[in-house]
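Work out the full structure, taking the sequences as your base and the hints as a guide.
Residue-level listing of the chains:
There are 2 protein chains.
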Amino acid sequence: MHRNILVEQIRKKKTYLCVGLDTDISKIPPHLKNSSNAIFEFNKAIIDATKDYCVSYKINTAFYEAMGAKGWDAMAQTVQYIPGTHFKIADAKRGDIGNTSSQYAKAFFETLQFDAVTIAPYMGEDSVRPFLEYENKWGIVLGLTSNKGANDFEMLSLQNSQERLYEKVLTEVSKWGNVNNLMFVTGATQASELENIRKIIPDHFLLVPGVGFQGGSLQEVSRYGLNGDCGLLVNASRAIIYAGKDEHFTTEATAIAKQYQAEMASYLK
Amino acid sequence: MHRNILVEQIRKKKTYLCVGLDTDISKIPPHLKNSSNAIFEFNKAIIDATKDYCVSYKINTAFYEAMGAKGWDAMAQTVQYIPGTHFKIADAKRGDIGNTSSQYAKAFFETLQFDAVTIAPYMGEDSVRPFLEYENKWGIVLGLTSNKGANDFEMLSLQNSQERLYEKVLTEVSKWGNVNNLMFVTGATQASELENIRKIIPDHFLLVPGVGFQGGSLQEVSRYGLNGDCGLLVNASRAIIYAGKDEHFTTEATAIAKQYQAEMASYLK
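Here the protein sequences line up with chains Z and C, keeping their order. Going by the numbering used here, the first residue of the first sequence is number 1, and it counts up by one from there. Going by the numbering used here, the first residue of the second sequence is number 1, and it counts up by one from there.
What the hints contain is simulated information worked out from the structure, not anything from laboratory work. Among the hints, a few may not be true.
[Stated by the list, open to error] Result set (PhoX-like, lysine-lysine): computed pairs, CA atoms no more than 20 Å apart in a straight line:
#1 Z:Lys13 to Z:Lys51
#2 C:Lys27 to Z:Lys106
#3 C:Lys106 to Z:Lys70
#4 Z:Lys14 to Z:Lys258
#5 Z:Lys269 to Z:Lys12
#6 C:Lys70 to Z:Lys70
[Claimed, not checked] Examples of chain Z residues toward chain C, derived with CB under 10 Å:
#7 Ala62
#8 Asn99
#9 Asn147
Note that beta-carbon positions come from the ideal geometry of N, C-alpha and C, so glycine has one too.
Printed below as a string of structure tokens:
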């Protein structure tokens, strides 16, 4: 998806919500569990219930891999079912030497037809580049993540520079691509860092997880993260998809997604 | 697999070779390409041809994912076919927030029954821990990798410590597990660093890629990396599995694997 189309969708629908499909068979409503294709049935219902209030879906590959080839099939069906108007993210945190990263890019951009893949930057430039070589496809590189472990390495200060590791990642990686093929993951639980992040990368889109279940504040994220093109995709997963526990789960998913959309609309003014 | 069994196999067979199954449909011999299950047929032949000369197989998940659910099936069949005497590594470079890493651990340790998974450390402790909670299973965390991009972040010096990032990763991560559930990836193309690495983690097993096609020296790696329990798994992928290009490819794979084994036997004395 071209950046212009994403920005147009955000403006038209007044939302920058990304719905995370971290679908766990043990957490879906009981009446769906016996379906032969329960994961896809659940995702289909969630997509129908939320698509008017979001511009993106993020599939957390771990939950599908845990089910083996069957899970991989459910992932493929889900990507196909997501409307073409929505930005499709494989939250896969991949990254390896060049010839291997090329295979991952092929897996997610060609075989599965996602628009974007999340990437772990530890292995450096040649591990990231293969994801940036596809037209209208995106690499979304981990900057500052939303978990406690972000303090272990990402926040460490580097010698001979005024930067912490995650800042160096933003500075360096942003040279390898541009605002049309590169985004960064910056966790909502570190909203106070967003002001700083926007100084380093004012124009890139940020994928922001950690709102909702992990405790990040949408208001704070929007205050520090929004730029002239919106520049944010804020993800909520569990808070939306598991809002309901029974056969009315889609009603509750819609309600929560709509709530997020309404709040986002107010910040987009 | 328990560490004692791995060490016993190494001593008995006088080899610490790991054969990397980076199986690419475009590179396998023409006579196999038309098989309905070409990837598995190729792997099966390579395993039969090399199992006497190695103690481990490493499956590079990217190559299987590039083929979608069919590839995931071929990976499952391959893991099942590898003899129980051999240490089975998923080279997957995973790592995510805790509840997601748990799903990856489930995917590779329960659904697919690998012995070990490679892990990217960028996201810190809670992204690594779920892989260390299984008895006789292993997390293999990226330390210093074999690619050029290792210089971008892994080699950066940290402030307030005498360490570079990859050294800090070795120091910190080694506190989260022990020598029975944790190994590190240290690339053969950086053999001179192995002397230093052995000062930080003298007792851990190291998974060493980069020998063969990437240009690392087995002699150097062995000189600096071997410890009292061997402590090395040296991987070769392309140099072995694509040694032959036609229907005699297994003869050539055997010859190369046997060459590595003979050299390793000389270093183990």
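Sort out which numbered hints this structure fails and list those numbers smallest first. none
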